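Chains as they are written, first to last, in this note's numbering: chain A, 1361 to 1686; chain P, 9 to 309.
Keep in mind that the hints were calculated from the coordinates and are not lab data.
Incorrect hints may have been included.
[To be verified] Computed from the model, here is a short list of chain A residues facing chain P with C-beta under 7 Å:
no.	residue
1	Leu1418
2	Ile1419
3	Pro1422
4	Met1455
5	Phe1457
6	Ser1469
7	Leu1479
8	Gln1483
9	Lys1486
10	Thr1577
11	Ser1635
12	Leu1666
13	Gly1670
Keep in mind it's a predicted model, so treat the numbers as computed, not measured.
We put the beta carbon where it would ideally sit given N, CA and C, even for glycine.
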Amino acid sequence: MAEKVLEIAGLKTHFFTRAGVVKAVDGVSLSLARGEILGLVGESGSGKSITGFSILGLIDPPGRIVEGSVRLMGQELVGRSDSQMQSVRGRDLAMIFQDPMMTLNPVLSVGTQMVETVLAHEQVSKAEARARAVAALAMVGIPSPEERLDAYPHQFSGGMRQRVAIAIALLHRPKVIIADEPTTALDVTIQSQILATVQELCRTTGTALIWVTHDLTVIAGLADRIAVMYAGRIVETGPVDSVLDHPRHPYTIGLIGSVPSRGKRGERLAQIPGSAPSLASLPQGCPFAPRCGKAIAACRSERPDLEPVGRSLVACHVAQGTGGAE
Amino acid sequence: MSAPAVAAFVEVETPLRRFVRQFSEDRVAVFGLVVFLLIVALALAAPFYAPQNPYDLSRVDLMDSRQPPGAKALDGYTMWLGSDGVGRDIFSAIFYGLRISLAVGAASCLIAATLGMTVGLIAAYAGGRTETLIMRLVDLQLSLPSVLVALILVAMFGKGVDKIILALVLVQWAYYARTVRGSALVERSKDYVEAARCLGLSHTRILFRHILPNCLAPVIVVATVQTAHAISLEATLSFLGVGLPQTEPSLGVLIANGFQYMMSGKFWISTFPGLALLITIVAINLVGDRLRDVLNPRLEK
């Protein structure tokens, strides 16, 4: 196994609201090797975005990381001061957001935004920062990058804007990029172009990528590994083909079953009944148990831990009990 | 795909050009702007064409006092708008007075805007107790009538241009603070701010380079209205006798000087400076009204 760039262990991020403690992230452990692409999958409100923000140390009150560690190249990030984190953000860790319309400042030219990002972390001349920006734009496939540098965000199309956002994220050759549903707002054709670009860039620059999404089809072609999140915890993780071809956790099975495909034409789509539980008042035992058709008595009393089943790690009493017969 | 992209790039209207086009759609606003610019130009150029320098006491002759419009002065020039109680040519005094009124308005507006915007931005960005403290201070300031507060402040500080500006700033900063805080709160929750934080930019940089420019539109509107307000407030204070000294007459001082003669038929001493003040403020407000329409995103078609 290659060197680990990012190791998260037992991360817990809770929000202390008036309605009670919301356990948005409740004991997540992940690790990421150099150049690896991890798909972080889950429904809305499963804590996947908050996991991303926790890694960057961008949890605003009333939220707080209450437990666990985030190690980047062996360096602990949890507990660092804001100014210490500032020097890591953008340089070693970068983020790409869902909506490229919103993440670029509308009143500053793309060049200005890129140059200031370079200058925020490195003492170089403006001309050199500009040259770096041009190189980054060229790398993500923007035509005539030199001219486009002076353009404003509204002069770009949606796909081009997301490419700019990716170029900005790549400026400092970060160790890890966290991409929070970056193609959800784009056309399918543009989406596949962006996916291809990102995949190639990760391979060539050795940047590890956490691709947060709710779309399993995107992950299937892109990621090396998948982690499925439910109610603030990872319920199943493993190599992409293991998780997608032999899902063990009923939730993962439900997720895959609810994707319409040609093979299932005319059939009724399998759906997961109910909705994600409120993170402020999780039931005792497995949080998925109330929606699970296979739940046994143990599921309602004891919360399952991640244990190896086949080539994956699964947190489910039933799957662990059957030993993962395929 | 690069060719159409480049073509689209050339054709897109820049925000500034769109702003100019939308502004000029309203003829009344353009008229107001032209009048205002003309007034500014006339005020700036006053020393070059005004027949008398009202600050130069050797040029002011008491024998010329209270002459009706059109009378000949002892120096030989015609006093088209008459003269006041101490022999100042009203025509010259109006444009010299406009210089002071406009300068006081512009200076207090600039300082109050800078102060108010900084405070408002900090309140919006910091949140919590800092925000509560600042905004309650703003509420307190805005709940008191501005003329009264300015009157008290000037009475405390004494006379003089700098003191008047200080008083006006203290009366007006709260409007800017409230306006900026409102839009900064909206901007702060937008994704580009989160993105900027993810890039490791410093708080000051995010605040002044990213959030501030996005909050400027409503500030520009407030600034035009408040400039007009500052000018009339200065005139009010001077009229009440606590503003600018007699030796440097602003429009308010000129109006006050003529007030005692109103009943004796010498209407021109107060009327013409009053008209000048009226035209200036109406012109600024016409511009401000149109700016509010153009810069308000909710009214965009």
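Going down the list of hints, with the structure as the test:
{"no.": "1", "hint": "Leu1418", "in the structure": "holds, 6 Å"}
{"no.": "2", "hint": "Ile1419", "in the structure": "violated, 11 Å"}
{"no.": "3", "hint": "Pro1422", "in the structure": "violated, 11 Å"}
{"no.": "4", "hint": "Met1455", "in the structure": "holds, 4 Å"}
{"no.": "5", "hint": "Phe1457", "in the structure": "holds, 5 Å"}
{"no.": "6", "hint": "Ser1469", "in the structure": "violated, 11 Å"}
{"no.": "7", "hint": "Leu1479", "in the structure": "violated, 10 Å"}
{"no.": "8", "hint": "Gln1483", "in the structure": "violated, 14 Å"}
{"no.": "9", "hint": "Lys1486", "in the structure": "violated, 15 Å"}
{"no.": "10", "hint": "Thr1577", "in the structure": "violated, 24 Å"}
{"no.": "11", "hint": "Ser1635", "in the structure": "violated, 25 Å"}
{"no.": "12", "hint": "Leu1666", "in the structure": "violated, 29 Å"}
{"no.": "13", "hint": "Gly1670", "in the structure": "violated, 36 Å"}
In this structure, the hints that do not hold are numbers 2, 3, 6, 7, 8, 9, 10, 11, 12, 13, in rising order.
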